[in-house]
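Peer 1: If you want the building blocks of each chain, they are given just below.
Number of protein chains: 4
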Amino acid sequence: MLLERARIAIFGASGYTGAELLRLLADHPRAEIRALTAERQAGKSIGEVFPHLATYALPDLVKIADVDLSAIDVVFCCLPHATTQEIIKDLPRGPKVVDLSADFRLRDPALYERYYGHAHHALEAQADAVYGLSEHYRQAIEQTWLVANPGCYTTASELPLIPLLKSNAINPDAIIIDAKSGVSGAGRDAKVGSLFTEVSEGIHPYGVATHRHGPEIEQCLTDFAGRSIEVIFTPHLVPMSRGILATIYVRNAPNFDAEAIHARLAEAYADEAFVNVMPFKSLPATRHVRGSNLCLIGVHPSRVAGQTIIVSAIDNLVKGAAGQAIQNMNIQNGFAEHLGLTQQPLFP
Amino acid sequence: MLLERARIAIFGASGYTGAELLRLLADHPRAEIRALTAERQAGKSIGEVFPHLATYALPDLVKIADVDLSAIDVVFCCLPHATTQEIIKDLPRGPKVVDLSADFRLRDPALYERYYGHAHHALEAQADAVYGLSEHYRQAIEQTWLVANPGCYTTASELPLIPLLKSNAINPDAIIIDAKSGVSGAGRDAKVGSLFTEVSEGIHPYGVATHRHGPEIEQCLTDFAGRSIEVIFTPHLVPMSRGILATIYVRNAPNFDAEAIHARLAEAYADEAFVNVMPFKSLPATRHVRGSNLCLIGVHPSRVAGQTIIVSAIDNLVKGAAGQAIQNMNIQNGFAEHLGLTQQPLFP
Amino acid sequence: MLLERARIAIFGASGYTGAELLRLLADHPRAEIRALTAERQAGKSIGEVFPHLATYALPDLVKIADVDLSAIDVVFCCLPHATTQEIIKDLPRGPKVVDLSADFRLRDPALYERYYGHAHHALEAQADAVYGLSEHYRQAIEQTWLVANPGCYTTASELPLIPLLKSNAINPDAIIIDAKSGVSGAGRDAKVGSLFTEVSEGIHPYGVATHRHGPEIEQCLTDFAGRSIEVIFTPHLVPMSRGILATIYVRNAPNFDAEAIHARLAEAYADEAFVNVMPFKSLPATRHVRGSNLCLIGVHPSRVAGQTIIVSAIDNLVKGAAGQAIQNMNIQNGFAEHLGLTQQPLFP
Amino acid sequence: MLLERARIAIFGASGYTGAELLRLLADHPRAEIRALTAERQAGKSIGEVFPHLATYALPDLVKIADVDLSAIDVVFCCLPHATTQEIIKDLPRGPKVVDLSADFRLRDPALYERYYGHAHHALEAQADAVYGLSEHYRQAIEQTWLVANPGCYTTASELPLIPLLKSNAINPDAIIIDAKSGVSGAGRDAKVGSLFTEVSEGIHPYGVATHRHGPEIEQCLTDFAGRSIEVIFTPHLVPMSRGILATIYVRNAPNFDAEAIHARLAEAYADEAFVNVMPFKSLPATRHVRGSNLCLIGVHPSRVAGQTIIVSAIDNLVKGAAGQAIQNMNIQNGFAEHLGLTQQPLFP
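Residue numbers (full-length UniProt numbering), protein chains in the order written: chain H, 1 to 348; chain R, 1 to 348; chain F, 1 to 348; chain V, 1 to 348.
It is possible that some hints are incorrect.
Pairs involving identical chains hold if they fit within one copy or between any two copies, as the list cannot separate such chains.
In silico DSS-like links for lysine-lysine, alpha-carbon gap of 27 angstroms or less [claimed, not checked]: (1) 281 <-> 191; (2) 281 <-> 44; (3) 191 <-> 44; (4) 166 <-> 63; (5) 191 <-> 63; (6) 166 <-> 281; (7) 89 <-> 63; (8) 166 <-> 96; (9) 191 <-> 96; (10) 191 <-> 166; (11) 63 <-> 96; (12) 63 <-> 44; (13) 44 <-> 166.
Bear in mind the hints are in silico, worked out from the structure with no lab data behind them. Keep in mind the model is a prediction, meaning the values are calculated, not measured.
Excised from the complex, chain H in its bound form:
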């Protein structure tokens, strides 16, 4: 039985992904926002927390314990990892859940523990979770109550690589992902490293060889490569609020050149609304996807024979978070996949 309108709760609505869900859902014809939570800000209006949403009629913030889940069809969960699993494991079955944290992305509890520093406490829910890279896990998403929405770096990295690994178009051993992110990826917490004065007018790498999105990318690519995949993954912080650019260096498989790689990608995404493979040798800019659910992918031959450069761009808060979450909610509930996601990019 399909819902006419999904009654929605957002847990952790006072962060940037919460605000972005609200922005996008305002245009969703089959979504109705029923509850917004923020434990420390319960009682406030959304306008007190996000002045840019002050003119938008929305329920006030409450605590999770005060949400009547029997009147909720979909929960978007935007809580920090660790907290998330405690909340989700105790949820009554009924609402469908799209979780934007990292808690249910890694299937291997030992890997989770190594990267997140503590044991996983919701292994039962973990067993039901489906990785929410919409274009590639669509059928499983339709069936599950719990979607583990992918990370931002991972979405930008996986979308261009999956079709190439599936079709053996590239050497799976030599993948390098040099990724660049805007600052909203660090969330709305007060941290010295995210201050304007520490970020503006400069660029630097961080989390090299240790970033938590590394194993997530590898798990997903391994799903499609038919063998274990390791990647070199280097994140950088760029003075912009939104956007992820992934510059990916691959070695062509025998009998493949950059043009054939481009053709393979173009074919793979020919019918997808949100993944756009640009003309051969055109390359994307993050500012051209700002505010939209698009992933742009460009392919360029390298100066060095036998190698190809692939560049993808997304808005980390949309296709890298809230937008893909809505896309997954649409899939789970049998809605047209583009509902709430038709806004054009905002440029300049």
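On the provided structure of chain H, position chains R, F and V as indicated by the hints.
Peer 2: Just chains R, F and V, lined up with the frame of chain H:
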């Protein structure tokens, strides 16, 4: 007879206001884009000129001479001043026109000539033009074929001041408008002064005492004050792409204090969808209106008795250009005024 | 007896003003840095706290209690207000002190208490403190052990206004200061309001009518006006790391016009190395003083008769903090006033 | 015979590298600026072209033809390529020349023609030119009248790679340089692609596989590797005015790991004032070298066995242009190499 759908042409679609019209009209249920012009880029697709719109199905750019105006209901004219009047004076009567240039804003040809450096050549059309500050000229806009869409600084300055002058709440002699603009106000032309390296990480005033929006503000305020108004108006360039903030210093009229001034504004705009008077002593930020058609207005008492500080914020490309143009098109054509303009602000 | 070289301690060296003192003192031929303190980071090298200074040979951070003050000639005190007065009141007499906090700027303890929220606990030291606006309190600075270094907004506001009030060139009742600041003025503390994502691509006013620099400006201007002065002072936050721009609106005194006001300012600062009055009608940009101890001042006639617009620009961390502190140290110690302060601005 | 003071002319002083030479030379005790040229702006003061230098006593701009070269010891040539070779080939022998254009960097005229689109017309001068990567061509620089100052990307790429290729610490076949630049690298010309609105809040690759710094890097690395080197080199444009970050992916040579690679680099630059190898696993940020002649280099092991990530950061206008030019001038003239180059970085 009302149109079911307006068939639209955009003249000068390769600039920022053209792109912004396209972004907003994509969500307008009763607009159909039929022709886009750009004289020097005729033949190109919109994606070649604006990569962020590459996935949006739109007609290719053509020359104005190649547009079949008999199949057009509305022309948005985004051409430079001077060129604009040459085009508009030769248009066949039929399509309604919203002109985003400055050519039809000043009613006095001598004033136009003084500020724009050449005589006005379309005085007949000028006589029909209605100034398009939607909230205050609505009835005349309904009747005219030609709307002179207001400037960005002027919209931000006029909206808070009109109700106060109408109700004699402030001293009309001592108005100071200290205004701050983002860089998109300068358009997409290659100019040294708009380079990233010349704008980033700094602020400076420009056009002091000479800016063309000065006489436009005065003409409009004079309409409502019942006497001639002069203003001090100082524009500044801020390292941001979008946004206008106007910090306005007024002397209270006898028997008025800041709170009464606030009440007068709140009352004036109580029923308006796009003008929001914030709670007393709250003040707006430009980033909280980005991408939306909102004008936020805040009122604060000054440290000095008898004076009040009023701050307004708009997105110069939306309420200050393309958004208000669509609002005016809606009024002209009998559409609900909010169509195409319901997007929430994009933050961060 | 003049010092050959001043042995210097910086208290609170882990903030931005501390870093800026280090940058400038590296070029000071008569300064020798002997001790750097930071209570919570004691034991670290400066490179751990400020990677940009990692190649600069400096002592490690220690606690104030571990500094041998008998071997120190000058203390730059960069501590938060309240803490500052507790430290300074217990200092042994001997070292000269330039205090960059607000604790000794306001002479009236009641005013201090009103604006800073607690009583002043070092009134004896307060009685010795000299306000360190170098160009105007030079003789008193030479004589004192304790300089209260001015605030950033206040320096930018006072330098253009003092000569005009002294010479009765302007109406002292109607001064409006619309000021714009970079983000480093908020310091290096982790605050949501200073995050890149909250500051970038926008502008907003803050502290309207309540900012602590308001009474400081009034106290200083009152010193020179020969009567009590009140000002309207409106700070705004701009997406840039450094810089203050003050746009000042004044009413001309009878017999003065903008040109005469310009002449008065040009004459007042003709012999000053760090205050530069630009040609009449030229106006400054903050980016043109970045990294330098310059204050640029421009004067422009208004559109409205009898009024003048004066614009000043400084780097808030240099002339608005560390640079002026070094200038004051030079004055106190009989050094040439420009030592350590000869760097040209960094542009772009 | 050593010069007491070098009498200096700057050809093409109205661009960013010209301004940067002026800023740095202001602190150079043995440099005296005698002539500044700018063909189209001849007759103007430097303050008209660069307001930030208005208070600095300098000669007005003249045409090259009006410079008395017999009274000049050193010419810094900041002209566009192609123009440069025409000027330099006709210079009288006498002044030493540091050329900041690309015209004398590539030794192979065929390669020059392929990348720059026209034949080289000054092959005689080319034969005398020495590539000015100061740390590695010092002895030849001492002997030549003509230094071809390296490009910005190339300096950042070559400094970390040369010692590793010389000592066979890395596989020379698999070098990937993912480089990120600030906007000042594009110069001060009015171009749409350098507008604030086109650059702010985003990142994109450009010149992939075709950028002119590709062959320059290969020529230099080939000099030290003892065999022909090919590199993959991908430039990106970052919303910042200054800075280059090069993230370099290398495969370790047999018997080398990341730590051994780090040790090799640390040893190679132990005695260099301007190249600083950070502690193992520390990585640089461009904002930490802003305004200084420093190159910071960091080394980190990869997640994938046998591979290492090396990151270098410079200020493109200093070590990547004007600073290295002064360093080369110092070497050519027997001055201490650090003269004029001792400024600490400007942060924030």
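Peer 1: None of the hints should be skipped; say for each whether it holds.
Peer 2: Going down the list of hints, with the structure as the test:
Taking CA atoms no more than 27 angstroms apart as the test, residue 281 paired with residue 191 passes between copies only; the shortest distance there is 22 angstroms, against 39 angstroms inside one copy. Taking the closest pair of Cα atoms, residue 281 and residue 44 come within 27 angstroms of each other only across two copies (18 angstroms); inside a single copy the shortest separation is 50 angstroms, beyond that limit. Both within a single protomer and between protomers do residue 191 and residue 44 lie at most 27 angstroms apart by alpha-carbon distance, with minima of 23 angstroms and 20 angstroms respectively. In this homomeric assembly, residue 166 and residue 63 never come within 27 angstroms of each other (Cα to Cα): the closest approach is 44 angstroms inside a single copy and 46 angstroms across copies.
Within a single copy, residue 191 and residue 63 get their C-alpha atoms as close as 25 angstroms, and across copies as close as 24 angstroms, so both meet the 27 angstroms cut-off. With identical chains, the CA atoms of residue 166 and residue 281 are at most 27 angstroms apart within one copy only, with a shortest distance of 22 angstroms there and 35 angstroms across copies. Taking the shortest Cα distances, residue 89 and residue 63 sit within 27 angstroms of each other inside one copy (17 angstroms), while across copies they are farther apart (48 angstroms). Proximity of residue 166 to residue 96 under the C-alpha cut-off of 27 angstroms is found in neither arrangement, the shortest distances being 30 angstroms within a copy and 54 angstroms between copies.
For the homomeric pair residue 191 and residue 96, neither the shortest alpha-carbon distance inside one copy (33 angstroms) nor that between copies (35 angstroms) is at most 27 angstroms. Taking CA atoms no more than 27 angstroms apart as the test, residue 191 paired with residue 166 passes in neither setting, with 40 angstroms inside one copy and 42 angstroms between copies. Within a single copy, residue 63 and residue 96 get their C-alpha atoms as close as 19 angstroms, which meets the 27 angstroms cut-off; across copies the closest is 52 angstroms, which misses it. Taking the shortest Cα distances, residue 63 and residue 44 sit within 27 angstroms of each other inside one copy (11 angstroms), while across copies they are farther apart (42 angstroms).
Proximity of residue 44 and residue 166 under a CA criterion of 27 angstroms is satisfied in neither setting, with 49 angstroms inside one chain copy and 36 angstroms between copies.
The structure fails to meet hints 4, 8, 9, 10 and 13 from the earlier list, while all remaining hints are met.
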